[in-house]
Amino acid sequence: SLDSVMDKKIKDVLNRLEYSPSPVSKKLSCTSVKSQGRLASCPAGMTVTGCACGYGCGSWDVQGGTTCHCQCSVMDWTTARCCYLA
Amino acid sequence: SLDSVMDKKIKDVLNRLEYSPSPVSKKLSCTSVKSQGRLASCPAGMTVTGCACGYGCGSWDVQGGTTCHCQCSVMDWTTARCCYLA
Amino acid sequence: SLDSVMDKKIKDVLNRLEYSPSPVSKKLSCTSVKSQGRLASCPAGMTVTGCACGYGCGSWDVQGGTTCHCQCSVMDWTTARCCYLA
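Protein chains in written order, with our numbering: chain A, 23 to 108; chain B, 23 to 108; chain C, 23 to 108.
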């Protein structure tokens, strides 16, 4: 019938144009990266959401969006909390 | 007209195949969870992006992706900063 | 041909209904906002994922979802780590 012809036709066009009914929904995914010393960097594609430091230090900054820098005078380790949309 | 017949036909097919014009765009949503002691956990479905600790302590780690653990020797409270895509 | 007529017709309907083949995929984007004193706020549309404080202080809380508050008695600067889906 004309109906089924049109049905099929429309689906073909949609497929060819790669229309997806429901695009895959993303999730927030995070991991920690710990390093010796006062710098810790996230893997490529991830960004820093927070940092932890040794010696109870809570003074840090983020360099280049991906590297935690712990500022206290004496420092033994730094952890970057790294997140991205998976 | 043929035009309006086709118009209607195409929309019916799209609806049946659940194509949505603009999929609901997600937002980053965060909340804090504070607990006594040295552990604080995010609700299911959320992940830790950072932690705060009592006694000015900035040394923490994340256990299992959802639990903040404050490491300083004496500890009275822990807060987990928890985020997800809403 | 009927084929190309229908092709064109379907694409017109899709455009008019603003169907997008592949909705732009979002990325997690973060920045730091540093202020003097014990408060630092994220720009509108962004949310706090973590905070850093002066004097090595790791005790902070988040007020209203967008403002870092450093709790230690003496405080010179506060940094909010602010993120959103770009």
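Be aware that a few hints might be false.
Identical copies look the same in the list; a pair holds intra-copy or inter-copy alike.
Stated by the list, open to error - The calculated SDA-like cross-link candidates involving lysine to any residue, where the alpha carbons are at most 20 Å apart (straight line), are:
#1 Lys30 <-> Cys94
#2 Lys48 <-> Tyr106
#3 Lys56 <-> Asp98
#4 Lys33 <-> Gly59
#5 Lys49 <-> Gly86
#6 Lys49 <-> Leu61
#7 Lys31 <-> Thr88
#8 Lys56 <-> Ala66
#9 Lys56 <-> Val96
#10 Lys49 <-> Thr89
#11 Lys56 <-> Tyr106
#12 Lys31 <-> Ser54
#13 Lys48 <-> Gly76
#14 Lys48 <-> Cys94
#15 Lys31 <-> Asp83
#16 Lys49 <-> Gly59
#17 Lys30 <-> Gln85
#18 Lys30 <-> Tyr106
#19 Lys56 <-> Met28
#20 Lys33 <-> Ser95
Honestly, the hints are just simulated from the structure, not real lab data. Please read these numbers as outputs of a predicted model, since none were measured by experiment.
With identical chains, the pair Lys33 and Ser95 could be close in the same copy or across copies; at 20 Å between alpha carbons, which is it: within, between, both, or neither? neither (64 Å within a copy, 64 Å between copies)
Should Lys49 paired with Leu61 be assigned to within, between, both, or neither, using CA atoms and 20 Å as the limit? neither (27 Å within a copy, 24 Å between copies)
Up to 20 Å between alpha-carbons, please classify Lys48 paired with Gly76: within, between, both or neither. neither (33 Å within a copy, 34 Å between copies)
How would you classify Lys48 and Cys94 at a CA-CA limit of 20 Å: within, between, both, or neither? neither (37 Å within a copy, 35 Å between copies)
Copy assignment of Lys56 with Met28, given that the CA separation must stay at most 20 Å: neither (58 Å within a copy, 58 Å between copies)
Which holds for Lys56 with Val96 at a C-alpha limit of 20 Å: within a copy, between copies, both or neither? within (17 Å within a copy, 23 Å between copies)
Measure nothing new, just compare the shortest in-copy and cross-copy C-alpha distances for Lys31 and Ser54 to 20 Å and report within, between, both or neither. neither (49 Å within a copy, 51 Å between copies)
Could you figure out if Lys30 and Gln85 sit no more than 20 Å apart (CA to CA) within one copy, between two copies, both or neither? neither (54 Å within a copy, 51 Å between copies)
Go through the copies and call it for Lys56 and Asp98: within, between, both or neither, with a Cα cutoff of 20 Å. So Lys56 and Asp98 pass the 20 Å test inside one copy only (11 Å; across, 25 Å).
With identical chains treated as interchangeable, where does the CA-CA distance between Lys49 and Thr89 reach 20 Å or less: within a copy, between copies, both, or neither? Intra 23 Å, inter 18 Å, cutoff 20 Å: inter-copy only.
Reference check for the pair Lys49 and Gly59, CA-CA at most 20 Å: within, between, both, or neither? Cα proximity of Lys49 and Gly59: none, with 31 Å in one copy and 30 Å across.
Could you figure out if Lys30 and Cys94 sit no more than 20 Å apart (CA to CA) within one copy, between two copies, both or neither? Neither: 66 Å inside a chain and 65 Å across chains, both beyond 20 Å.
Figure legend: structure checked against the earlier numbered hints; hints not met, in rising order: 1, 4, 6, 7, 12, 13, 14, 15, 16, 17, 18, 19, 20.
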